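Peer 1: Assemble the whole structure, with the sequences as input and the hints as a guide.
The numbering used here puts the first residue of the sequence shown at 35, with every later residue one more than the last.
Honestly, the hints are just simulated from the structure, not real lab data.
In this text the structure is predicted, and so the values were computed from the model without any measurement.
Every residue gets a Cβ at the ideal spot worked out from N, C-alpha and C, and that includes glycine.
Since no wrong hints were added, every one of them can be taken at face value.
Okay, the calculated beta carbon distance ranges per label pair:
no.	residue 1	residue 2	range
1	L97	E54	17 to 27 Å
2	V41	L86	17 to 27 Å
3	E103	S49	17 to 27 Å
4	I90	E54	14 to 24 Å
5	P45	D65	29 to 39 Å
6	P38	G83	16 to 26 Å
7	P38	D106	14 to 24 Å
8	R69	V39	13 to 23 Å
9	S49	F74	33 to 43 Å
10	R76	S49	27 to 37 Å
11	G87	H109	15 to 25 Å
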Amino acid sequence: VGAPVTVAARPAPGSGLRLEVCDEGPGIPPDERGRVFQRFTRGATSAGGTGLGLAIARWAVELHGGTIEVMDIRHGCRIGVTIP
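Peer 2: Dropping the structure here:
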């Protein structure tokens, strides 16, 4: 709570849409990034939630033929979504 969130959208290479959601919170440790899209996965610093948000996001993105990823940044968290 209180950390700014930035959402950016631009055309994807070729065609489609590229979205990036970035915050300035504690981020996702590299060893947890492979699990964050699994249902009921919550981070060690989680302050609530059910662990379903990113799993639902992945389901919706893949349903539309897209991809979703945790991007490597120094501070905070950046989630990238590409939808054709």
